[in-house]
Each structure stands twice: as structure tokens, then as C-alpha cells.
Amino acid sequence: MKRTLLLAATLLLPYCLPAADEVSTFPAYVDSDICARLMLGPITPERMQCSKSTSKDGDMPVLVRLSNNMVFTANKEKTIQPLVGQLASITGEIKPKNGTIKIQSATPITADSLAANDPARRLVDPSKFTTQRDAALYEKIRHELAMMPYITEFDFISFTLSGGNVVLTGWTIRQTNRSTANNAVRDIPGVESVVNNIDVLPLGATDMQIRAGARAALQRQLSRYFWGNGSDIKIVVKNGQILLLGTVTRQADSDLATIQCNSVRGAFKVFNMLRVQSSEKKG
Amino acid sequence: MNNERISAGNTLLGSARVIFGARVVVAAAVLLSLCACSQAPEVLTVKRIPAGKEYSGFLSSYANLKPNANMENEVSFVSTDPVKNVHKYVAIIVDKPEVYLATNSDAKLLPDKGRESLVEYFQDAISRAVEDAFPIVETPGPLVLRLRTALVGVDVGGATSTDQKETGLDHAINIGKVGVEMELVDSETGQQVAAAVDRENLGDGASIASTTFSREEKYRAATEAFDGWASRLRQFLDSAHELSSEDVARIEQTNFPYVPSRDSKRR
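Protein sequence lines correspond, in order, to chains A and B.
Under this note's numbering, the letters of the first sequence match residues 1 to 283, in that order.
Under this note's numbering, the letters of the second sequence match residues 1 to 267, in that order.
Just chain A, with the same shape it has in the complex (with noise of 0.2 Å):
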């Protein structure tokens, strides 16, 4: 009786027990959290330099994973830090729910190491990187998106389209609101897949601080980009680094929203990524 309750209890253990995190090995460009979350296009020289340059100026490393743009948190950031602006081929334990990964090692290579028929290949190699053209859902994604109503100045979420192909992308305050925009676009017709890469940002004292002081610093100075129910400047704060994303029609204006968010009490960062158009359409 012993033994059979033994044998029992040894077959059925691993079913019991959590899977353990999935273990793999995949080749990743090392990025910014700004530019890999922007996803300035496939890796060109100049995604190149906005890592470094942002990683330069404190932004966090992470990892992108190349055959489907899938970004990860690591947990050793000094590891990849110095691999920022490079490809690299990446073990580690990862979880893509949350998008985080425990790394066990990481190893430079070049972009000719991948073969030709790898998919990792498609965003190394600009020529092979097509975005949207499907128009109609393109613009089908972008409404779904911005009917959602809990978007606040505090959360930017964005996407990028490669045939039926979608990421989501950019930062959010409410966890609900990453889980909405997945649902929102998984389900429109023509959409065959959906990575998750929003970042959802920690709801802390002095971040919650520095998300009002700079509204309020911006509101004052800046008031005819913010309305009731919304705003064309989205403040995106992170452990004290305030990222500014949007659009204004004057580069003084983007200037002027710089010098406000510096002087915010708490902030020690601020990236200024406002794009300057005219009023007319954009796009």
C-alpha cells in the first residue's frame, strides 16, 4: 500500500508542481526601453544610435527578441548594459506573459550568423521589413486604440502593422488597459497575431508625484495641447525619467515642455520625444 501511494505520489508530482519558467536560446537586439517600446522601425543605423544614445543617458536596457519583436525586461542589467546597439544570442529562463527573462547568458553576434531562412533576419534586414499597407486595417487598429477610455495623459500605446502582424507596444498605468488593447485588436478581422509589448508602469509615490507636477508645469505653459478629456502630449514617467511623446505644431513649444518637466520636483530624466508637425493632418 506504501508503495503504491509512493509510486502515485512520484508520477503525479510534476503535474502538481508550477511548470517550471521555459528555458531558451534566441538571437535579440539589445535595446533601450524607449526605442525598443517606440519601435523605430527594423534595426537601422539610427535605431541603433537612439539605443545607445538613450541607454547613454540612463534609459534601462532590454532585450528584443528578433523573430517577433517581442521585448523582455532582463534581470541583469549590467550583463546586457555594455551589448546595448548590438545583436546578441541570449539563454535564459523567459516569461512571456510578463515579458521578463532571467538571463543565464549573453554573447555577441553578428547579423550574418543568422541563416538565411531564419525569421530573426526580417528585422536586421531593412529591405525585408514591410510595415501595415493593409490601409483599411491600419486605420481599423489605430480607432480601436483610441476609443479606449481609460487612456489618460499618463499612457501612451501604439502598434505597428506587418501584414496581418500586429505589435503593441508603449506604457501604461493601469494593468487593465494592456489586456484591453490586446483583446481590442486580436479580434478585428484580418489580424492574425498580436505581441504584447506594453509596459505596464509601477503606480509608486514619487512617480505619482512627478506625473502631476509635470502635467500641471505643461497644463500651465502648454494648455492649448491639453483638453477635458485628453491631451496631444503624453507624459510617460518611469522611475523618476519623465518621457515626453505626442505631438506639437512648434519646435519652441517642445523646447518649452523640456524646461518645464526639468524643473519637476523629483524627476532626474527627461526624454524628450515630441514629434514637431504642422496642424494639418499627420501622419
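Hints in this document: simulated from the structure, not taken from any laboratory.
Since we're looking at a predicted model, the values are computed, not measured.
Some hints here could point you the wrong way.
Claimed, not checked - Stretch by stretch, here's where chain A covers chain B in the computed footprint (C-beta under 8 Å, at least three residues):
| hint | region |
| --- | --- |
| 1 | 85 to 98 |
| 2 | 125 to 136 |
| 3 | 139 to 149 |
| 4 | 235 to 249 |
Said to hold, decoys possible - So the derived label-pair ranges between C-beta atoms look like this:
| hint | chain 1 | residue 1 | chain 2 | residue 2 | range |
| --- | --- | --- | --- | --- | --- |
| 5 | B | Glu138 | A | Asn239 | 19 to 25 Å |
| 6 | B | Asp124 | A | Lys76 | 35 to 41 Å |
| 7 | A | Pro202 | B | Pro82 | 26 to 32 Å |
| 8 | A | Ser193 | B | Glu72 | 38 to 44 Å |
| 9 | A | Ala136 | B | Thr139 | 45 to 51 Å |
| 10 | A | Glu22 | B | Glu138 | 34 to 40 Å |
| 11 | B | Asn201 | A | Val276 | 54 to 60 Å |
| 12 | B | Ser60 | A | Ala136 | 47 to 53 Å |
| 13 | A | Gln49 | B | Lys84 | 41 to 47 Å |
| 14 | B | Val119 | A | Ser223 | 40 to 46 Å |
| 15 | A | Lys76 | B | Ala63 | 54 to 60 Å |
| 16 | A | Thr176 | B | Val83 | 22 to 28 Å |
| 17 | B | Asn201 | A | Pro202 | 40 to 46 Å |
| 18 | A | Gln175 | B | Asp81 | 25 to 31 Å |
Glycine is no exception: its CB is placed at the ideal position from the N, C-alpha and C atoms.
Once you have looked at the hints, place chain B on chain A.
Using the frame of chain A, we list chain B on its own:
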């Protein structure tokens, strides 16, 4: 005998024994009075709807309430102040709900443990209803709302049967005529941002005779009523947060993906 000793002690001030005895008596008297005081406020703090009044007085202001076109039996207010409206907040504190008795209800019969259990259940229900719209936090802040709620019109029914288990209450709590008053206020200034009085009669026939919400029909009706009010509260929050077509149009005009990189200007 003791009284005689104390009286005698008053005349013999030098006697340490008597002084000690007097101190014990005084201390006991103080303790007794303290015990009495600590029980009294529980009864006194029970609130009730003032006689002849339309509302309980729980909300900081009833001045702007108007019938809600989207929800039956509800009057509500949503601030359109461009600086202080629901869109300007990102998190919420959920206060413990308050209980207001029906005007003619006997406050002395309201069992504290029963009131506590219904307050806890309702707080849990509204927390579950709002948490994915507004993350729940503990401390006030510049972007934090405070959600205040009250169950209004709670009545105390007849004595419950003696064969109740240890969780049973002496008197059942009737929620047949209960409504809900709620308001969202700025957690720092207390300024009202939105408010609603919901008179949807969801608790008809429901009563609570135990601190444990069991599966008995009346209790289930009570939990369903609380869940129903919580759900309506969330509907109200969603409608207050809804974007207008002008909002969506403006968002669509300006919010474009940052791809390709050439159109971005980085400083």
C-alpha cells in the same frame, strides 16, 4: 462593612490602609465608567436618514444631481471642470462604506457584527468592481480619487430564531428598501468630482440574519443585491469616463505610431 471602613477612613487620613482601599474603589469606579463610555458611542454613531428628508446627508453636496439618462432610478453629477474631472485621476482609495438606518428603525437593535459584515461585503464588492478601471491605493495623492459610499435605508427586522449558530444575529437586517449614495472626491482637497444616488431596488426580500453570508435564499439575495449595486456603480464610472466622439477624433488626429523613425524628432 466596606462603606463603613471608607467613611471611617475619611476621618482617619493618616491610615495608609484606608487610603489604599479608597484608591482601589476610585480606580474601579473610573474603570467602570470607562467601560460604559466605550460602549455608548457605538450606539450613538449609528446614522439615520433625517425624518422628512429626501437624502441621508452623506454626500458633500446634492446640489448638482440630475436624473441619469443612462440609468433608471439614479440621479447623478459628473464634473466637467477641465482641471478636475474623472479623466484626470489614475488611482482610487475605496473608503469603508457607511450605513444609514431607515428613519423609523431602532438603532439599538442594529447588531454591530451584522453591520460590520455587510459593510465588509459591500466594500469588497465595490473594490472588485472598480479595481480594473482605477488601481486601488491606500494613500491620498494628487492623482488619486476617494470613493465614498453609503448604504442608505437599512432596517432592523424582528428577532431571529434562537437556534441560530454562533454567527447568528439577534435581529435580522433588512435591505429591502436600501439605496446607495456614492461620490468621488479629490483625495487631497475633498472636492466633489462625481456623485450618484442610486435608488434601484435590488434588495427586495433580502435580509441578513447571520454574519456569515451563507447560501440560504435570503442571504444569496442580499449578496446579489450588493453585487448589483457595485456593478451599477461601475457602470456609472464607465459612463462618466466615456470619451465623446470629439475626443476620439482629436486623439486620432494626433496619436500616430512612431514608425518609421524618420518622422520622429529626438532632442
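Comparing the hints with the structure gives:
1. 85 to 98: holds (count 5)
2. 125 to 136: holds (count 4)
3. 139 to 149: holds (count 5)
4. 235 to 249: holds (count 7)
5. B:Glu138 - A:Asn239: 19 to 25 Å: 21 Å, holds
6. B:Asp124 - A:Lys76: 35 to 41 Å: Given about 40 Å between the Cβ atoms, the range holds.
7. A:Pro202 - B:Pro82: 26 to 32 Å: Since Pro202 of chain A and Pro82 of chain B have Cβ atoms about 28 Å apart, the given range 26 to 32 Å holds.
8. A:Ser193 - B:Glu72: 38 to 44 Å: 43 Å, holds
9. A:Ala136 - B:Thr139: 45 to 51 Å: 47 Å, holds
10. A:Glu22 - B:Glu138: 34 to 40 Å: At 36 Å between Cβs, range holds.
11. B:Asn201 - A:Val276: 54 to 60 Å: 57 Å, holds
12. B:Ser60 - A:Ala136: 47 to 53 Å: 49 Å, holds
13. A:Gln49 - B:Lys84: 41 to 47 Å: 42 Å, holds
14. B:Val119 - A:Ser223: 40 to 46 Å: Holds, at about 43 Å.
15. A:Lys76 - B:Ala63: 54 to 60 Å: 58 Å, holds
16. A:Thr176 - B:Val83: 22 to 28 Å: At roughly 25 Å between Cβ atoms, Val83 of chain B and Thr176 of chain A fall inside 22 to 28 Å, so the hint holds.
17. B:Asn201 - A:Pro202: 40 to 46 Å: 42 Å, holds
18. A:Gln175 - B:Asp81: 25 to 31 Å: 28 Å, holds
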